[in-house]
Amino acid sequence: MAKSKTPLLDQLESGPWPSFVSDLKQQAEVRAKNEAKTEFQIPQTVVEELMGLLELSYVHKRGHWKHGGIVGVFGYGGGVIGRYCDQPQQFPGVAHFHTLRVNQPSGKFYTTEYLRQLCDLWDFRGSGITNMHGSTGDIIFLGTTTPQLEEIFYEMTHKLNQDLGGSGSNLRTPSDCIGQARCEYACYDTHALCYHLTKEYQDELHRPAFPYKFKFKFDGCPNCCVASIARADMSFIGTWRDDIRIDQEAVQAYIGGELPPNAGDHSGRDWGPFDIQKEVIDLCPTECMWMENNKLMIENKECNRCMHCINVMPRALRIGKDTGLSILVGAKAPILDGAQMSSMLVPFIKAEEPYDEIKEIIENIWDWWMEEGKNRERLGELMKRQGFQKLLEVTGIDPDPRMVSEPRSNPYIFWKEEEVPGGFKRDISEFRKYHQR
Amino acid sequence: MPPAFLKKGHTMELDYEESKAKLVAGLQKKLKTKSKFYFNDLAKILEAKPREAKKIVNRMVQERILEYWSSGSTSLYGLPGTGKQDAAEGKE
Amino acid sequence: MAFISSGYNPDKPMEDRITDIGPRKYTDFYPPVIAKNKGKWLYHDVLKPGVLVHVAESGDKVFTVRCGGARLMSTTHIREICEIADKHCGGHVRFTTRNNIEFMVDDEKKLDPLVKDLESRKFAGGSYKFPVGGTGTAITNIVHTQGWIHCHTPATDASGPVKSTMDVLFDYFKDHRLPAKLRVSLACCLNMCGAVHCSDIAILGYHRKPPMLDHEYLDKMCEVPLAIAACPTAAIKPAKVEFGGQKVNSVAVNEPRCMFCGNCYTMCPGMPLADDVGDGIVIMAGGKVSNRISAPKFSKVVVAFIPNEPPRWPKTTECIRKIVEAYEKSANKYERLGEWAERIGWERFFEKCELEFTHHLIDDFRDPAYFTWRQTTQFKF
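Residue numbers (this note's numbering), protein chains in the order written: chain A, 1 to 437; chain B, 1 to 92; chain C, 1 to 381.
If you are wondering where the hints come from, they were derived from the structure by calculation, not from laboratory data. None of the values given here were measured: they were computed from a predicted structure. You may find that some hints are simply not true.
What the hints assert, rightly or not - No more than 20 Å apart at the CA atoms, straight line, and that leaves these computed lysine to aspartate or glutamate pairs for DMTMM-like:
| # | chain 1 | residue 1 | chain 2 | residue 2 |
| --- | --- | --- | --- | --- |
| 1 | B | 49 | A | 360 |
| 2 | A | 5 | A | 35 |
| 3 | B | 55 | A | 155 |
| 4 | A | 159 | C | 242 |
To be verified - Partial list, derived from the structure: chain A residues whose beta carbon lies under 7 Å from chain C:
| # | residue |
| --- | --- |
| 5 | 106 |
| 6 | 108 |
| 7 | 180 |
| 8 | 263 |
| 9 | 293 |
| 10 | 307 |
Glycine is no exception: its CB is placed at the ideal position from the N, C-alpha and C atoms.
Next up, chain A with everything else stripped away, as it sits in the complex (with noise of 0.2 Å):
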């Protein structure tokens, strides 16, 4: 094969931000070179044609992949993309192309050990190339051939002890935030929950009976850094139920200078110095918050926790210690009727093992979609369609006020029968008797 000329690819060399297309340059000349006599399984050059293929689309302005129903390896239904380019002819290494779905570790830790295993993988039997991560969250391997998938499924549960993502109509790979690994405000395990809850659900996650794509995001805190709230059909954000911590002595520090406000996160520019009244107090979003005698007082019985004094002095405040979280649901992208957020369904429950109360819920919710949901519809949708009473319904929890953001502003109530005293059921005749027809 001819080398691919890829000028307009060279344009995006310079520039300070690290640049994927010298990374793709240096991975096609060590695959040429080969000084690791790996034995590749897939064809030496892929790395140079799958930049030829992209500079033809930089030609082009168009992409250059088609879909393959393809799923993956025996038994999965998720896991592996399919993806054929439609000009194989011209660059037959990248004529089959498929994606590989990772299941990530939680917090996304790794050991170089670990790391080195995946990339040996990677080398030998596929292209080389991955996402670290996806958008979901997974590891993603970008680009092998179809006799590679069950070698290196096999090679990857045998000698790595690593099972693959999800994809399709199933429990898609959950994701967590950092939490308590590394966060002070992280309310509950985020990684303990979600290791727990993937490996619970490993046959929803890898056998597709959902009628769509399913998410689990967990945040430690209503900071909200894995974005559960935008992203998951279940988001889990931690919160605490009791008194936010003060250390006085450190609101001082802060009023006195000691201390950047923010972690130093507004280190880069002169905002004078810090003042609480205008930065925390009037920022508070439930006014709960004033000074007496030099100390800051909160009522905490009206905090909505919204974390902002928190954020800005963490030396001084910390969350509470009765923590646990909150699960909202029926969040998703905006196909079709628009973008959803979660919304609020459980504003407490305690995050601890077995999680039992937790999996009931999740079970319940899934039970009603999998039976009423449409072809294709997310919880959210079907949420929208079925009303929010019915969730409750299917799910045996009580409706309370947090669940909304205001009551509603029409009063087309749709009673059932069965809430109206005597029941619709009623005798004309006895009614004639007082009233003329």
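With the hints as your guide, set chains B and C onto chain A.
Positioned in the frame of chain A, the structure of chains B and C alone reads:
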């Protein structure tokens, strides 16, 4: 009160062989127009609740009577070797 | 290139098969200082852009150096990350949700050599391999989707626009000078695998032409009922079409109903919709996911269309630069971009960002549209 389908144990265990025959016959009948089906279509043919249907379907996949097809975002089921994209994808 | 078997036997796929084992357990990978102090962290400080220290109840400290990176990453690059992690971090490393790489050390003395090492490494083309930054009010890495490198329905590339945008915003990545966090995201079509709909600034690929119909091959390549079922707006119908003097089975598209999602192309390669002129970028702004001060918000469309301009997308990056600079100049401390726009009013937002307001920016999609029209006399001249 939870809806009827949430009550545990209200459906009888489906007979596998009987269900298998029913599903294969149901899919073959529709083959003229399409070869790929949503899970819900399968459950309807089986006249079963999704959880019950899933047990049958999983086993039929294991036995290679059914196979998956994925659009990436959605999964479909079909009888192996059917469908127009099969050839195009050069199934090895 | 002889085929080497892993031990898998295609004739007996269930033999020795291991399934349903899930991911590796997180505890396999924690650095010792993390394993020891998990759940017992007291507070953190951002020492400088890209460098954090977390202090535990035990008095232990962990210093984190955050580096930007392309999420499209080769094993060669990952091996270099491993080499750095072995040299400085006892063989541990982590990645963030936003595709950053985090190197952690347990001693302040190890910090400077690590940062120096990271900043010294450059690709042959001249760009940094591991730029340090992206913490706090610095603009962090852009989360994105595949784009032209691997997606089948992209309306734009992902890695190219991201690289171009981060080059333009690079000073912001290295500096804590914005009023609050600013998150940029990219999705290469409206299916939004990347869920960019709650970002301060979202770059969204968008098709503007309905699919072409390859009548000659359509019925041979795809199953018409599947293509019909794939359409979210029910715009596709079966149709008999004259082709080469013969009636062939195909489809018809109700073009005004098409929302350009490409779902039909996924099911049916006989319905391609990509187009060099039709495709381009929508800019959205003002979303957030944090519950801090105000509730999470959706991003709003502020520019209806910018053409694709590979390799550097100059109009897109210029538009983003203008929004970021206007926000930097005018927002209050702690105020997110969307909170700022709401406080000053969207009419003022367009003025300050020097963006044109066009009819495409007024919502006309189903019920929610009404709630975005202005039902008050309160506005600004």
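> Going through the earlier hints one by one, which of them does the structure break, listed in rising order?
Replying inline: 2, 3, 4, 9
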